[in-house]
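Chemist: Chain residues, written in single-letter form:
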Amino acid sequence: MNEQASLAPVVPQLIGTNLRTRDFRTGSVFFEYYKPKLEYAWDTGKAIGKFLAEMKKGRVAATHCSKCKRTLVPPRIFCEKCFRDIDKWVTLKDTGVIETFSVSFVTWDVKRLEKPQIPAVIAIDGATPGYGFLHLINTKDWKALRVGQRVKAVWKPAHQRKGSITDIKYFEVIE
Amino acid sequence: MRKVAIIGIGALKARPKSPELSYKEMTYQAAKLAYQDAGIDPQELQSFVTLAEDIHEGTSIFDEYTPDQLGSAQKPMHTITHDGLVGLADAAMQIASGLFDLVVVEAHSKASNIKNKADIEAYALDPNWVRPLGIPAHALAALEAACYIKESGVTEEALAEVVSKNKGNAKSNHLAAYPKSVTLKDFRGSTSRCSPLRDIETAHHADGACVIVLAGEERAKANGAIPVWIQGFGWATETSAIDSKTWDKAVYATAAAKKAFRMAGIADPQKEISLLEIDDTYAFKELQHLEAIWIFERQSAWKKTLEGATAIKGKIPVNASGGCLGMGEMLEAKGLYQVHELVTQLRGKAGKRQVENAKRGVALAWRGVPTSSGACLVLGRQPQ
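Protein chains in written order, with the working numbering: chain A, 1 to 175; chain B, 1001 to 1384.
Rather than coming from a laboratory, the hints here were simulated on the basis of the structure.
Backbone N, C-alpha and C fix where the C-beta goes; we use that ideal spot for every residue, glycine too.
Check each hint, because a few of them may be wrong.
To be verified - Derived list of chain A stretches under chain B, where covered just means 3 residues or more per stretch with a C-beta under 8 Å from a C-beta of chain B:
| no. | segment |
| --- | --- |
| 1 | 40-54 |
| 2 | 64-78 |
| 3 | 151-162 |
Claimed, not checked - DSS-like mimics (lysine-lysine), calculated; alpha carbons at most 25 Å apart, straight line:
| no. | chain 1 | residue 1 | chain 2 | residue 2 |
| --- | --- | --- | --- | --- |
| 4 | A | 56 | A | 169 |
| 5 | A | 35 | A | 69 |
| 6 | B | 1115 | A | 35 |
| 7 | B | 1352 | A | 37 |
| 8 | B | 1075 | A | 81 |
| 9 | A | 50 | B | 1315 |
| 10 | A | 115 | A | 81 |
| 11 | B | 1032 | A | 88 |
| 12 | A | 46 | B | 1032 |
| 13 | A | 162 | B | 1017 |
| 14 | B | 1249 | B | 1349 |
| 15 | A | 50 | B | 1115 |
| 16 | B | 1013 | A | 50 |
| 17 | B | 1017 | A | 46 |
Kindly generate the complete structure, drawing on both the sequences and the hints.
Modeler: Okay, here's the thing in structure tokens:
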């Protein structure tokens, strides 16, 4: 057996007639097509509601638990470790450090991208180390990107912001 | 098997909308109430069960989103897509088996966040031979109602009495979303979407969250608070084939209660149960369920209701909380709100709606249209 043959998938010979896409289009096989309609409007609540409202103002809001001394971003109104109410709101800088990133040459629905999209987790300055959020990096030289690089948010102009995580367009390397 | 008790309960007031809180924040608040009620440090909790349906939440693999607000990060946790009573049975088994001592059950409803409830309900119908007909899921309940009403000879007055009683009971329940005084005239004047069901006899959705803390016998006794014991539970599904299911009788309820009653050692349900919280998503369901679990003879629940047997001061009070009609339809949390009421009653803390000498309570939940699924739980002041 040569190498080519050994790599070929093993397709068993099945008894019957192969179905083709056109058999479905022409109705020669029976099936039901159904496209679900799912609509939700989620209440953001106190914590994420304020986080988004602050985004609109160009600020990063966080909460602080004075028991475990953690500063949480995105904020919550409760500390999940101490299981108690948080003590105060704080505003953080819009700078941070790349915790982890990926250079993605496909979109979420697997379309090829010429310019890659770079999802990254940014640990925000002033938050407990390791705390931050997932966002996008914009860079001309993705090959030079490194974990631990410092980045800063690039905001949409104030009139375009609507209280969304996308009010930050992306983060850019600042050193 | 080890004995299991409920040592803590916490619930938020049911409301048609809850725009200022996220589901996580609602759950956190209910959990805080339950842990305070149980007198425990959340760090002691060992295992967690949540009830949720991805399509109700709008997030798939929803169990990933439940730990933080319960204090269960990095602890055993799983989600069941069923009513709260099934979650309680699950938690009770985790303790009875000796695996854990302290287990938490949580369910919530953010029904107000679902913008197309009719589509979501239709999505539960079989895609090949039911959905293409374009019948609203609600109509399936109407088909059942028509059959039950005809078989049992239920009168309009009796259905109006169920609505009036439950919405009336809700007036003394601070957790209820839909308290109201309802007259026979109101009932007759209510519009009908699918005959014979009127709008007024259909429970309306509400938002809320409920958390229950369970403990093993030794832990429950050491706790100081009055434990309410889990005596029995059962759950069952008749069939998903709506074309061949039983239309007049709630077979699932009979099967679930049979298991639960046997486990609890109940030989005569009419004499050995002090009060019930029974699914009344539609008024006829309360009557149908009462007959299914031997509280009343076939074709007699409506007569007993008219005689006042199921009122808070009656022989066997049913839905003292207000039921789904008065409390609101709480999605997966329905059964937990029933349990919240039974525990409050068995502790003797139900205030104005307190059932006298409440020793043993039964909860019966139905999973709603188009299902023939239900669960039953028996609670008591004594372990058995």
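Chemist: Tell me the hint numbers this structure goes against, listed in increasing order.
Modeler: 3, 5, 7, 9, 10 and 14
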